[in-house]
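One line per chain: the protein sequences are A and B, in this order. For what it's worth, our numbering labels the leading residue of the first sequence as 1, then goes sequentially. For what it's worth, our numbering labels the leading residue of the second sequence as 1001, then goes sequentially.
Wrong hints could be hidden among the right ones.
[Stated by the list, open to error] Capping the alpha-carbon separation at 20 angstroms, the derived lysine to aspartate or glutamate pairs in EDC-like fashion look like this:
{"#": "1", "chain 1": "B", "residue 1": "K1087", "chain 2": "B", "residue 2": "D1055"}
{"#": "2", "chain 1": "A", "residue 1": "K46", "chain 2": "B", "residue 2": "E1010"}
{"#": "3", "chain 1": "B", "residue 1": "K1043", "chain 2": "A", "residue 2": "D61"}
{"#": "4", "chain 1": "B", "residue 1": "K1013", "chain 2": "B", "residue 2": "D1107"}
{"#": "5", "chain 1": "B", "residue 1": "K1013", "chain 2": "B", "residue 2": "D1090"}
{"#": "6", "chain 1": "B", "residue 1": "K1074", "chain 2": "B", "residue 2": "E1010"}
{"#": "7", "chain 1": "B", "residue 1": "K1019", "chain 2": "B", "residue 2": "D1090"}
{"#": "8", "chain 1": "A", "residue 1": "K46", "chain 2": "B", "residue 2": "D1090"}
{"#": "9", "chain 1": "B", "residue 1": "K1023", "chain 2": "B", "residue 2": "D1055"}
{"#": "10", "chain 1": "A", "residue 1": "K108", "chain 2": "B", "residue 2": "E1046"}
{"#": "11", "chain 1": "B", "residue 1": "K1087", "chain 2": "B", "residue 2": "E1026"}
{"#": "12", "chain 1": "A", "residue 1": "K108", "chain 2": "A", "residue 2": "D93"}
Derived from the structure by calculation, the hints contain no laboratory data. What you are looking at is a predicted structure, and each value in this text was computed from that prediction instead of being measured.
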Amino acid sequence: QSVLTQPPSASGTPGQRVSISCSGSRSNIGSYPVNWYQQLPGTAPKLLIYNRNQRPSGVPDRFSGSKSATSASLAISGLQSEDEATYYCATRDDSLNGFNWVFGGGTKLTVL
Amino acid sequence: EVQLVQSGAEVKKPGESLKISCKGSENGFNNYWIVWVRQMPGKGLEWMGIIYPGDSDTRYSPSFEGQVTISADKSITTAYLQWSSLKASDTAMYYCARSSHIVVAPDQWGQGTLVTVSS
Chain A
1 QSVLTQPPSA SGTPGQRVSI SCSGSRSNIG SYPVNWYQQL PGTAPKLLIY
51 NRNQRPSGVP DRFSGSKSAT SASLAISGLQ SEDEATYYCA TRDDSLNGFN
101 WVFGGGTKLT VL
Chain B
1001 EVQLVQSGAE VKKPGESLKI SCKGSENGFN NYWIVWVRQM PGKGLEWMGI
1051 IYPGDSDTRY SPSFEGQVTI SADKSITTAY LQWSSLKASD TAMYYCARSS
1101 HIVVAPDQWG QGTLVTVSS
């Protein structure tokens, strides 16, 4: 059971805008920036969004992140077939000792 | 840019020990934190722990404390993840990734090492 809750699946058609949610609590999303990773099938995760809504070099501006209180969202506009992947939110959590990063359970995005 | 190259796939029996590696491509490796992430078959990502190769400062996620050992050899820009006695439940893909700071999301990832534990 992940500390951060994501819907297991989402879908959209090419060109559409889709949004993936990540729900947490005051000790994680309520206290720290939310980061988003994309994992294409059979590959390593790739950082999409960090530090609130920054994109690493090479990540298209079709991807954007937002946060409100204890929830966050990843929005993908102009959906493309190559966006079909699993998306994970990640942040830190004050309720954990030691290395206190946590992932959401992941959302598998299907492009119809 | 630091690239991370992980060691190859392993097939082991329960009870055996194992050490997998993650080699950085340049000396800058020692100025970054290296994190390990587990992905069990068909499942999500789990943070395992993190190490700063420069001084071997190591932190573990609560679920993995005592289950694995993370280490590094800064002279050869390599981080390690090891088990003293593998279990079938350790079967997973293991990724290493680089972070500029312990509070910053890792941005460069290795290609992953598949560990299969089966009798």
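These are the hints, each one checked on the structure:
1. K1087/B <-> D1055/B: Roughly 30 angstroms between the alpha carbons, so the hint for K1087/B and D1055/B is violated.
2. K46/A <-> E1010/B: 24 angstroms, violated
3. K1043/B <-> D61/A: Roughly 28 angstroms between the alpha carbons, so the hint for K1043/B and D61/A is violated.
4. K1013/B <-> D1107/B: 33 angstroms, violated
5. K1013/B <-> D1090/B: 11 angstroms, holds
6. K1074/B <-> E1010/B: 24 angstroms, violated
7. K1019/B <-> D1090/B: 13 angstroms, holds
8. K46/A <-> D1090/B: 23 angstroms, violated
9. K1023/B <-> D1055/B: 17 angstroms, holds
10. K108/A <-> E1046/B: Judged against 20 angstroms, a Cα distance of about 16 angstroms means the pair holds.
11. K1087/B <-> E1026/B: 34 angstroms, violated
12. K108/A <-> D93/A: Roughly 24 angstroms between the alpha carbons, so the hint for K108/A and D93/A is violated.
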